[in-house]
Every structure is written in C-alpha cells, then in structure tokens.
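Once you have looked at the hints, place chains B, C and D with the ligands on chain A.
Given next are the chains, with one letter for each unit.
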Amino acid sequence: MKTEESTIDLPALYHSMLRIRRAEEAIANRYHEQEMRCPVHLCIGEEAISAGVCANLTTPDVVFGNHRSHGHYMAKGGDLNAMMAEIYGKATGCCGGRGGSMHLIDNAAGFSGAVPIVGGTVPLAVGAGWSFKLKQEEHVSVVFFGDGCFEEGVLHESMNFAALKNIPTIFVCENNGMSVYTPLAERQPIRSISGVAKAHGLGVYTGDGNDVVEVAHLAGEAVAKARRGEGPQFLEFKTYRWLGHVGHEFDDDLGYRPNETPKFREDRCPLKRAAEELTQKFGWSQKDFATLEENVKAEVEASFQFSFASPDPKPQTSGDFTYAQ
Amino acid sequence: MKTEESTIDLPALYHSMLRIRRAEEAIANRYHEQEMRCPVHLCIGEEAISAGVCANLTTPDVVFGNHRSHGHYMAKGGDLNAMMAEIYGKATGCCGGRGGSMHLIDNAAGFSGAVPIVGGTVPLAVGAGWSFKLKQEEHVSVVFFGDGCFEEGVLHESMNFAALKNIPTIFVCENNGMSVYTPLAERQPIRSISGVAKAHGLGVYTGDGNDVVEVAHLAGEAVAKARRGEGPQFLEFKTYRWLGHVGHEFDDDLGYRPNETPKFREDRCPLKRAAEELTQKFGWSQKDFATLEENVKAEVEASFQFSFASPDPKPQTSGDFTYAQ
Amino acid sequence: MPSSTIDNASTEKNIREINFGEALQEAQYQAMESDKSIMVIGEGVADPKSIFRTTEGLVEKFGPDRVTEMPLAENGMTGVCIGLATSGFRPILVHQRIDFALLSLDQLINNAAKLHYVFNGQVTVPLVVRMLIGRGWGQGPQHAQSLQSLFAHIPGLKVVMPTTPYDAKGMLLSAIKDNNPVMFIEHRWLYNLKGDVPKEQYLVPLDKASIVKKGSHITVATFSHMTIEAIAAAQVLAEHGVEVEIIDMRSVRPLDMDPVLASVEKTGLLMVLDTGWASCGVSGEIMARTVENAFQYLKKPPMRITLPDHPAPTSKHLADDYYPDAETIVKAIVSLVDDEQKLPTQEMCKRVRRTSLRDIPNPAYVGPF
Amino acid sequence: MPSSTIDNASTEKNIREINFGEALQEAQYQAMESDKSIMVIGEGVADPKSIFRTTEGLVEKFGPDRVTEMPLAENGMTGVCIGLATSGFRPILVHQRIDFALLSLDQLINNAAKLHYVFNGQVTVPLVVRMLIGRGWGQGPQHAQSLQSLFAHIPGLKVVMPTTPYDAKGMLLSAIKDNNPVMFIEHRWLYNLKGDVPKEQYLVPLDKASIVKKGSHITVATFSHMTIEAIAAAQVLAEHGVEVEIIDMRSVRPLDMDPVLASVEKTGLLMVLDTGWASCGVSGEIMARTVENAFQYLKKPPMRITLPDHPAPTSKHLADDYYPDAETIVKAIVSLVDDEQKLPTQEMCKRVRRTSLRDIPNPAYVGPF
Ligand SMILES: Cc1ncc(C[n+]2csc(CCOP(=O)(O)OP(=O)(O)O)c2C)c(N)n1
Ligand SMILES: Cc1ncc(C[n+]2csc(CCOP(=O)(O)OP(=O)(O)O)c2C)c(N)n1
Ligand SMILES: [Mg+2]
Ligand SMILES: [Mg+2]
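Residue numbers (this note's numbering), protein chains in the order written: chain A, 1 to 325; chain B, 326 to 650; chain C, 651 to 1019; chain D, 1020 to 1388.
So that you can see chain A by itself, here it is in the shape it has in the complex (with noise of 0.2 Å):
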C-alpha cells in the first residue's frame, strides 16, 4: 500500500492478485466438504482490481465491499486468518462468525465491511468519506461494488451527494457483465455506465479491469484527486467472472455465456498476463515465482490450519450484540 501518487510495483501488485486466486482456489476446492457453510462468492478472474485499487490505499483509507468480497479484504490487507475462520463459521473469524463470507470486517485494515444486499454499503462508504472531509483528514474512502449495482436507486442517490458535498470517496464499478446469470443487455440501455457517472458530475476513469497496471494506475490518478480535495471519483473496469455467480463451480454448462470457453478466460486471466511482464521486463525466472507461490501456499493453508484449530462460537452467545452498549 503506498500514499503517494502510484509508481507502480507490479511484484506488489502480483502478489497482491497470487494470494486472492490461491485463497479461492483452496476454497473452492475445499468446499464441497460441506464445512463451509454459507453461501460464497468467488472473485477467481476479477483479483486485478482488488489489487490495483488497494494498492494506491493507506490503512486509514477504509474500504467498503458487497457480496463478493474476498478480494476486496485480502487486498486491504484483511487478516486472511479471520477471514478464512469466518468463512467456516469459528469463533475467531473476523465477525465471530456472525457473518460468514458474504459479511467481512477488520477495521484494524481499514476494511470497513461488506454486506450482501446489493447496494447496501454504498452510500455507508459516502458517509465515511463525508467523515474525513468533515475532520479535515486527507484520507479516502472506497467501494467496490457490481454492474448490477449500478441499477440500484441507492447508488446514484449517492453519487449525487457525493458529488454535492464534494467527498472523497471513490466509486469502482466492476464490471463483469453478469448480474447472477443475467447479462447487462438485459438490464441495462446501451449506453456507458461511467458516462452516467460522469453525468452525476463524478471524475470518471475506465480501464481493462483484468490489467491490474493499468487499474493501479487508474486508480492511483482517483486516489490522489480524491485526496486533494477534487471530490468523488468513479472507476469503472471491465473483467470476467470465471465461476458461477455463487458456489465453487465451473459453470460453463449452464450455457448462459456460450463463448465463453477455458481459453477465454486464459487469455483474460489477469495473473497470467502480469507474470508475463513480470518474466519479461522483471527477469523473473521460474524459480521466484516458485518461491511466491510456496510462500502464498503456506500463507492459506495456515489460514486453513488456523481455522480447523479455531473453537466454534457457543450457541448461547447468538443473541449478543443485538444491542451495543
């Protein structure tokens, strides 16, 4: 994570894209174990923006996620323990197990938490950025959120007052094109999503969200407008969902994305394309990316490890925190 305006470190940033995909995978193949029991959805294809974005953030930036949010934590530095125990309902995962995987926290990050009704955390990110402006703190605030969530009402309510009271939160669209299996075409006019946002009178940047340079560099330009008080920024970044909206599946079968093959997602796969730079301008050699994944492979398994270990939350202490002190 840096503060100033982003020359980019693309080691980080793969890194930063490696633990995302390794994380998920480990999930995805561990979940028909049927330990983890609630709903997950996987951002397997979509690691660029998390990592780009995050990237040009401080801890005291906050971030805010949706639904599928596993990639907006680990980017922000979530504690990928707390995260994994969450997802198996322990006691020490990050809401002690209140949330599960659609409901993530850790605000010693700055990640400020995601919820699954979608729109739901929007204009929360609007009043914590408003927070900063009010306190005179130069720090940012930040949501991720889907295509689909751009239909939301909520959403340009937000932008609206966002960009009325000149806050410095920054709005990132991903956009995959999919709202559960249902296309943008259905759901939306032919027109830019961003142009609305910019209608809104937002600063508006689109990228190739699978190119995580180019989101980190993108975002470092947001981040630091924001920053100097140029007020709320949109990005909007087009990627590809490689699994089924929800679950740890393939479901190419389904035949609502009938292009939509294996090579498809390879030549999207935003890993693959950073490792080629890295090879080429970086003279990575295979052995370094032997060692990252080595090192990120015993970084989740220990997140496994630590929460088989984790004691479950007792029964009787479901009723807590209904009411704060």
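Simulated from the structure, these hints should not be mistaken for laboratory data. As the structure is a computational prediction, the values presented were derived from the model and not from experiment. Do not rely on the hints blindly, as some may be mistaken.
As the list claims (entries may be wrong) - Pairs of lysine-lysine residues, derived as DSSO-like cross-links and limited to a Cα-Cα distance of at most 27 Å, are as follows:
no., chain 1, residue 1, chain 2, residue 2
1, C, Lys711, B, Lys460
2, C, Lys916, D, Lys1285
3, D, Lys1285, B, Lys588
4, D, Lys1285, C, Lys950
5, D, Lys1319, C, Lys950
6, B, Lys523, A, Lys238
7, C, Lys950, D, Lys1318
8, C, Lys981, A, Lys314
As the list claims (entries may be wrong) - Distance ranges between label pairs, derived from CB positions:
no., chain 1, residue 1, chain 2, residue 2, range
9, C, Arg703, A, Glu260, 34 to 44 Å
10, A, Arg228, B, Glu585, 34 to 44 Å
11, C, Asp959, A, Ala108, 22 to 32 Å
12, C, Gly707, A, Pro183, 17 to 27 Å
13, B, Ala623, D, Arg1035, 54 to 64 Å
14, D, Asp1328, C, Arg703, 30 to 40 Å
15, A, Pro183, B, Pro508, 38 to 48 Å
16, A, Phe264, C, Gln996, 55 to 65 Å
Beta carbons are placed, not taken as given, at the ideal position from N, Cα and C, and that holds for glycine.
Using the frame of chain A, we list chains B, C and D with the ligands on its own:
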C-alpha cells in the same frame, strides 16, 4: 389536444394556462375560509409546462402527476368540477373525497393519478408506458415531477428501465430550483439535470418553462419521437414557483429567495408573455381577452358552486375501497 | 427432519405427487396460458436457475415480453409493476429473498396498498409479489428474514404463506386472479415438500385457514414451514394420547380466526407458531384476537413459539438454536398439557430430534443455496 | 380537545413551561453544544420553517456542516448517516413524515439494525431518526401513517414515542447518547402541548414506561398522543368514581411491561391505546405479553383502541370518525367497568366531546399544515 407533431395553437395554450391560473387564484383567495381542508401546492407561475406538454397529447395518452398537480390535471382535460369538489372533500370529488388536492385522478381524461410521495408516480408512468408498448398501441405516458424528485433513486431506476425497454414515457422535469424552501444548489452538484437523463440513454430537451410556445414545441417533438418508437424522452423546463411551497400565500417575507420581487415574477409570467404575443401576432383585442376571462371565470366559479352544492361523503363509507372485489 | 409429505389428497383422478416448487411453476404456467395479461418479472425469472426452477420453461413458452429479467431496482420495478397492473396487466413480481423487498416498501405500502382506496375504487392493483424466505446454510442476517408481519400490518395488502404443494398452486392461482396486491410468501424449506396436486387449475381461497389435523387437547395455529414441524410434533404426541389440533393459518392478512376460536372453545389451550420474530408480529396478533374473542374458553395463557429476538447469525454453530423445531414444539406443548408430568418428554423429544445438521432442510442437501 | 398541559413538574428551580416542539429544539441545541460529533440532517432542517421550528437556530449556531439540508434521497441519506455513525459521528436524521421513511427501510432494517450484530460488536450505529406522524387537515393516506409497529418488529432498532415536553427533551437526549439506532417518533399533534421542562440537560430512559395517573379500576397502556386523550377520558371518569391507571408506554421497543403487569395485577382490566393500526401492531403485542404473564389476574378480555383497518381518508367528512379520541375511550372503559350500567355515559361523553372540528389539533389552528 392534438394528435400529430404540433403546429402551435397559441390561443388554445393561453386558454389552458388561464384556466389553471384563475382556478388556482380562486383557490388561493378562498383558502383562508378554512373550508378546503387539505394541503394545496399551487403551480401559479408554472402553468406553461402543463399547458404546453398536454397540448401534444390525446385522450388515451396518460399523464401522472405529483403533489403539485392541479395544472397537470386541468391541462390534460380533467374535470374541473370534480377537482374542486375533491379539494373541498366532497362526495362528488374525483376521489370521492378520499384524496384531496394531493391525490387527483380522471381516468376518462387520461389523467391517471397524482400522489404526494415524491417520485411515487414515476415508475407507475413507466409501467403504463410499457403497457402501451406491449399492447402495440401508439400512446405515450407522461410523468410530471420536480427538480427535487430528480434526487430520488427511483427516478434513476425508472429511467434505466424505460431506456432499456424503449418505453414511450415522457419524463417532464419542472425545474423550479426549489424543493420546499431548499434551493437546488444545496441538493445537487453543479451539473445539468438533463445531462444525467441523457447519459441514462433518454432523448433530452431543455427549454424555458415560462414560454409556453417553447414548451409546446419541444414537447411536441418529444412526444412524436416516443410515439414513433424512439423510446423515452426527457424534458427539462426551468420555471419559477410564485407562492410558498404549500398553501395560498406569497412567502417573500421568509427571505429565502431574496432577489425575487413581484417584478421578478412578472418578468417570468408565462401568461403575460403569451398575452403579448397574442396581441402582437394574433391581433387579440382587449375585448378578446375580456371575453376569455369571463368564460374562464364563469367556469371556475361554477366549479366552486358545484362543490358547495355537492353532498359530503358519509363517514360510514370511510372504509370502503380498502380492497377491490 | 419431519415427514416431507402432507396429504391434501382430493379424490379426483388427475392428481399426482409433485413438490411445492413444481406446484408454483405449474400455477404460473397454467395461469399464463389462460390469461395473456399475466406477466412474470424478476431477477432470475428467465435465467438458467429460474428461481429454484419455479419459473422454469416460462420464458421459452411465453417469450421475454411476458417473462422478463429485471434490473436490480426493487422499488422502481415494483412501481413499474403497479403501473402495469393499473393498465390492464397482472404482473407477478419475484424476489429471491424477502429481504430485498425492503427496498420496495415505499411502492408497496404507499402505492400498491392505497391506490384503490384513495382513487375511490377507480383503479385496481392486481399485483402478486412472490417473496422467498431464506433459511440455513449461512444465509445470515440479511438473507434469512421472515418479514410477513411487516406486510400484514398494512391495510390494502393481502399476505399469504402456503405450506403444502396443493395450497401453493391453488393460492398462487387465487392470488393471480385477485384484484388486490397479494404478498405471496414462500418458505425456501418447503420447496422440496411433496404432496398431491391436481393437474388442472383450481382456487384455494386467500382468507381461509385450514385444519390440518383434528385434535381435542390443544390448538396450534401455525404458519408455513412451522406447520411441518407441528405435524411432526403432533405425531409423536398422538402416540402418547395428546391430540393436537393443527390449524395452518395459510393467510397472514386477513387472518381467519374462526377455526382458531372454534378450536380454542374446544381445547381451551392455544399455541401459536410463527417463522418470524415475536415483537409486533402475527403470533401476538393471533393471541390478542383470541383473548378478545374467546377469553372465557382459555384455560391457560396462550403460548407462542417464534424466532429469538435477534438477527439470524451465519455460523451453523450460532444458528443451531436459532430456529425452533418439532422438538421445541413438543416441549412447549407438554408444558401446557401435562400438568401431572406423566408424559415421556425426553423420549418424545428424541423421536423428533433432527439427526442431520440443522442448517439444511434435509440430509440430502448439498450447499450452497 | 383535551387539556394541553401535562404536569411532569420537578421541583428544581430552573424549570419553565415550554412546548413539545421547543423541547425537541432545546435538546438538539444543547446536545450539539456539548458534543461536536452530533449532526442534524434532513429535508428542511436548515430552511426557514425548520421542521416546525424544532431545528430553529441550529444552522445559525452550528453551521451548515453540522446542520445540513439533504437531497430527496431517503434510502441513500440513511445509508450516508449510517456511514457517518460508524465513523465517529452521531447523526440525527429527520423526516417530516414517517411515511417518507418507508423509502429507507432497507438501510434501517438491513444495515442500521444489524451492523453491530453481524460485525460482532466491532461497529456501532449511534443514529437517531426523527420521524413525524402527520394527522388531520387532509394529510391523507400517504402523509398520516403511524408506522411505529413496523420498526418495533425489528431487533436491533429502538423505537420511542414520547408524549410530554419533558420526555421529548429527556428522551431525545438519551436517544442521541445511545449507541444504537433509535427511531424517535413524534406525533404532530403534540407539538403545541406545554409542560414543565428543566433548562439543563437530563436523560429520560428509552426503555421505561411512565405511570401518568394512578388508579385502581382499570389499566390503560397508551402511546403518544393517545395518552392525551386518555387523560381527558380519565378526568371525567374520575368524577364518577372510576379510577383509571394510565401508563404512557413511551417506548415501543423495548416494551416496558413491568408497570403494565403490576397494574393489571391490581385492576384486572387492560385497555391498550395506539395511534396506529391494530393488525400485527404494538397494541396486540401488549395484549399478548399481558396474557403470557398476567393471565390469572385478568378479569375480562383486554381491549384495544386503534385506527380502523383502512388508510386515512383525506376529506374531513370521511376522517371524522377515523381517529379515536377521549370519547371513544370513555365509552370503551365504561363497557369494561360498568357492569351494572350505572354510569352516566352520555353525559361523560358529552363532556369530553370535541366542539371544534376534528381534523385540527385545536380550535386556534389555521391550515395548511
Ligand atoms: C437488493 C438486492 N437485490 C438482489 C440481490 C441478489 N443478488 C445478489 S448478488 C447479485 C448480483 C449482483 O450483480 P453485480 O452487482 O454485477 O455483482 P457481481 O455479482 O457481478 O459481482 C444479486 C442480484 C441482493 N443481494 N440484493
Ligand atoms: C419521498 C418524499 N420525501 C419528502 C417529501 C416532502 N415533500 C413534498 S413536496 C417536496 C418538494 C419536492 O420538490 P420538487 O420535486 O422540486 O417539486 P416542487 O415542489 O418544486 O414542485 C418535498 C420535499 C415527500 N412528499 N416525499
Ligand atoms: Mg456483475
Ligand atoms: Mg422544485
């Protein structure tokens, strides 16, 4: 009301505006009697928009209003007696007294309803417009709303859907720069309202809402486009509300619109402007105006007499129509 | 897990066993065949999963104009459906979780519930809103609410919660025919429940409770999935001589109190089971109406079994006690009927106790939802 | 119109009579002086009418950053306030009518009520939502709803309805201090009610009912404006020897049942008065909890007085019978306590009958609202 692309009929437009003006003035004059026991939001000063838009509609086209809908109702051909009786809470009112000034309807005239929740009728109009498209009828639906309504998420949801399905709905934004006593600048960033509508994929027209000829002309184009299957259109008209937000009085004393003197109003009076043109281009004499005034006055006065002579609804019918058969 | 079949068998020939979800699909399919004004609108109604297969085949048969995917815009699309409904169509709007409908309460409560009234009967709003109650497999606090009581507070709305496949089909057909906005609430755990359902169309009224089991010792008024739990509890209680009268309320608004009052007159004891929270909910409403109208017959204070007064936790460990079930009901009924403490409570509880994990509807279930 | 003053007089020196609206204004003013994190946000909070003067002077004193007009965007702005609340601020969001809050139930129910819970106590949502109940002068079906019971169904929310100026100030100060989302519901007809209010800050708890009048013959549990009507009814009944115990519930969630149960133990008779609808409402909830906990003391079935089960009509002629008042209460109490039919019901009713029109709070009132 006309069927095809409009050749402006200024005498008819003037008549339409004058009816609204005189009816509302009469309401304002009698309001102090405390017999119209419901809030009234008068549109004095804004008549050109109702008159100009509705001049382009046929009876089967449907219009939806809001809290400030006397003008919309009258311009669409709503029964004046039934409106006045409604404001007086009489059994002969257009809602049998259930609605008052803020809930008006005249199905026979194609005025499909006004309700006071801001934004409440906007998606209804889209639904009605969609019904025309599904039934392959060449009618349009129209919804009138204010600049304040533009802030409600439901409006954006409605525009998105109307654009997606190419629905023949005309969105008419009566931009009087005020929501109650709060000016636009405290509610929306500096950017164009119609620019946002355009970005949503709607056809867009902006004009001077105090110039009935301009309104009629632009609305004529928009309605024709929608009828031809070119999808939803958005009309933004700048205008000015003469009286307080609610009630029968000027409220210059409140000081929230410091520049706005009686002269300011008169300069923007849509009737004055139309009258000048009638005199100059149509050769109307004092006597022509006087005759029209007489007719309108008689019609308005008759609506009061109708109301006074009408029976009160019975309290024991108060629960009727909670459910349909 | 209690028995997954309720017998509503009529004697007609063309009856066969299908499940609750299939019954819903069939109702919509047949209604749409008979009436061109019916439309189905929702997120996922035309996608490959077709709302857990309840809208399967509709778009293929009736085309995308009548079976329409919608943007994520619950309030706006509810308003659009109201506009369709006042313009001669009969839309069925579907929400995969009732929690999402919270975004649309403005249109439902301010408009759908009131337009017929305020416009003096000059418009009608024949709208059905299908809403699913999620449960288990870590649905968590925003995807497992059971919000029927919110809707049932509002005059102008009708609110129903069928339990059996027979009622699912018959009540959905009635809801579609009804000229009022009907909130049609489906508990996800009923979807695999099988039962006898006639092939042709038939109507089950939207304002009548159904006596599922006759009994003389205690009256149980129950809703939706809790009826299944009640039946399981009643079976084991019956083996020990306790005859429970089970009344599946079916409708939350209006409440059909007559069979409850008649039953309480006989049994003197009332227990209400609801899938939702207690506070300002329909369980208290039934108790209140019972004391208003049958006070003199009550031998003991009525009881209710509802969710505990907190949000649904996600972890299966925390959620394990969240949902009352047949065992809870057995214990509660024993506490009312067994003054002499002669019943083998432990044994009965054991008989109805789930063996599989409690966060899935049945042992065959494989996540995710 | 019943008496417009309730005596909550304490003996302290710096007490003077102000009205309900002024008490609200004073609470916000003083709280904002003591705590910089408090903000007031709403449509009209900084305009010349300042929410019927309840936010008067705030923007001049505390500036537009802390007293902020907002766009018409109820759901979004509720979310923004939640975001502020989880970031160290204590926002007070104001809706001129509770009906508008229906647009924001998603944020209130899905987020405000649940974030503290689901995030395991790691965030708090110290948010106050002030919402006004409209009544009379043709407010009509979308501007006169009394929706407290919807909110009170939801664990995680607190819901209060103060009646007196003293409680208005003390409970608003408590609500602001509270670390939970508090729905603060104000009946518009209370705004001109006068009462003794200390000048300095003080707290009235958010979970305690208040015994407004002691009595031994019947227990009346009541909310908000209905308390005023109950007091008027009780006065005339007292003159004929019927001593009504009036309990102003003050809080809808949590419900403080202890004084009700203690009173019913004494009187054996319960009547519940609510400003809203009956079905799945707080009136039934109080009845249910009373039978659950004090069944043996009840001599007769409890009664409730609520709005009729339909939307509010606009015309004063139709609305004339819509709102129950002191006369309704007198008649209902007589029906419970006067078994021997000795009370001069007609005469008592006449004494409490409004002489002015029923669609205005008092004869001095001049429309519009
Ligand atoms: C208000 C609301 N409506 C519907 C849903 C069901 N739902 C969950 S995720 C999702 C798709 C959202 O699409 P998008 O915003 O593009 O995010 P993606 O899943 O593509 O990342 C839907 C419809 C929900 N959770 N909340
Ligand atoms: C959802 C909702 N929020 C707030 C209000 C209160 N209200 C009534 S009219 C109005 C102003 C609306 O402004 P605008 O849309 O510009 O219409 P105008 O009154 O200027 O014609 C407001 C805030 C309401 N009726 N509905
Ligand atoms: Mg998407
Ligand atoms: Mg305006």
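Practice task
Return the numbers of the hints above that this structure violates; sort them in rising order.
Solution key: Result: hints 2, 3, 9 break, sorted rising.
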